[in-house]
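Put chain C on the given structure of chain A with help from the hints.
From first to last, the protein sequence lines are chains A and C. Taking this note's numbering, the leading residue of the first sequence gets 188, the next gets one more, and so forth. Taking this note's numbering, the leading residue of the second sequence gets 4, the next gets one more, and so forth.
I should point out that these hints are in silico values taken from the structure, not numbers from a laboratory. From a predicted model like this one, the values you see are computed outputs, not experimental measurements. Using N, Cα and C, we set each Cβ at its ideal position, and we do this for glycine too. A couple of the hints might just be wrong.
Listed next, with one range per pair, are the computed distances between beta-carbon atoms [as the list claims (entries may be wrong)]:
id, chain 1, residue 1, chain 2, residue 2, range
1, A, Lys239, C, Gly125, 50 to 56 Å
2, A, Glu242, C, Phe178, 34 to 40 Å
3, C, Lys218, A, Gln325, 55 to 61 Å
4, C, Gly125, A, Asp295, 39 to 45 Å
5, C, Asp198, A, Glu232, 48 to 54 Å
6, C, Val13, A, Leu230, 24 to 30 Å
7, A, Ile227, C, Lys62, 30 to 36 Å
8, C, Ser180, A, Leu285, 54 to 60 Å
9, A, Ile227, C, Gly125, 34 to 40 Å
10, A, Gln203, C, Phe178, 27 to 33 Å
11, A, Ile227, C, Leu54, 30 to 36 Å
12, C, Glu157, A, Asp198, 34 to 40 Å
Heads up, simulated DSSO-like pairs for lysine-lysine below, C-alpha to C-alpha not over 27 Å straight-line [to be verified]:
id, chain 1, residue 1, chain 2, residue 2
13, C, Lys34, C, Lys218
14, C, Lys49, A, Lys306
15, A, Lys201, C, Lys49
16, A, Lys201, C, Lys99
17, C, Lys206, C, Lys62
18, C, Lys92, A, Lys306
19, C, Lys69, A, Lys306
20, C, Lys206, C, Lys69
21, C, Lys87, A, Lys194
22, A, Lys306, C, Lys87
Now the stretches of chain A that chain C is said to cover, found in silico as 3 or more residues with beta-carbon under 8 Å [as the list claims (entries may be wrong)]:
id, segment
23, 192-204
24, 299-306
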Amino acid sequence: MSEDLNKDQIDYDKSQLNKEYPAGSFLVTEKEVAMYCNSIGELSEICHDKSKALEAGYRDIVAPPTFCALFVRGFDRPDINLNFGKSGFHAGEAIDVLEPICVGDTLDASIQLSDVYIKTGRSGQMVFIVWEHIFRNQNGNIAAKVRESHVRRE
Amino acid sequence: MNLDLHCHSVSSDDSRATVEQYLKWIVSLRKKGYIVDGIVLTEHRKFDIDLDYTELSDKYDVLVLKGSELDTRHGHFLVYGVTKQMLNKIDFGNVKMDSIELMKIAKESGAIAFPAHPGRFGIGFCEYSDSDLDFAQVSIVEHLNGSYRSGELERTEKLISDKGYAGTGGSDAHFVSAIATCLTEFRTSIHNEQDLVSALNQKTFRAITLEETRKPDDVN
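So here's chain A without its partners, still in its complex pose (with noise of 0.2 Å):
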């Protein structure tokens, strides 16, 4: 079915590409930190203490990097009508992490589809559709930007 695709062949809703959508907005509670932070047995003393995070120079208890990743989960995300393969699979996750998410943070969530694109390997052809999740703190800074990877295959 898709041995000759090529990437501008790939059969999707490319209106899609770079649109993007308002995901919703996040207060990040301490309540929350502490338990991400157990979690993944973060120990520093800027994620579970306020006075250790003022002293450091920050505005309150430090959220650990990854946290953004959190949110995602729970992201509705427009259907690409994507016509390939049989099967999928979650394939990645990239964070960059721009600016210090702190405890009382309010963080806006947009998401887009950044791209589509095929490659070959062992197993065949594969489409890979990525989505980008930006986060823009309270000061309208981008605080930090998810990007995930699912892949479709034959």
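Quick look at chain C alone, frame taken from chain A:
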């Protein structure tokens, strides 16, 4: 000199290693007695013409050159000495490009292209080498590849033996500690991509493993 001719940095979609992390790892390998002189970044389906690694190269005293690994309809191909002329003629993102055309254009542009990990199942040149297509341009293949699975090196060595190809070595590293596990030993000095293409064309090289680079005095 010993160069890892095949590795991927974060510029490739499936690698998480930065170039600087690779260079730091090579510095630590040297402290253990291994001789690794440089790497060639062969990012998937792209060529980062504007990226300049001179500063990093100078900082760590490791040669950093750029090439590419392209998906073709006859398996993956490594390309060295990529020029603007070549970039204008070939869509590097085309995963079904004709490898015969690729090799021809590379040669005309002063570059060189040859099969990567030919023994790899599914995407190796071994799957196509005995077809009716004219692969007379192929005289080199990647021999040692750090990412081979069981049986793939044997397929590669049979191909090399049957066809009389010369063979290079590369780690195919996608993460830091995999860098330089396989290398190519050149008899001539290489300072840039043009030197590399020239040495490849002269076939003054052989594939080696990292262990083979160790100084005799350091072998326990």
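Which earlier hints turn out false for this structure, listed by number in ascending order? Of the numbered hints, 8 and 17 do not hold.
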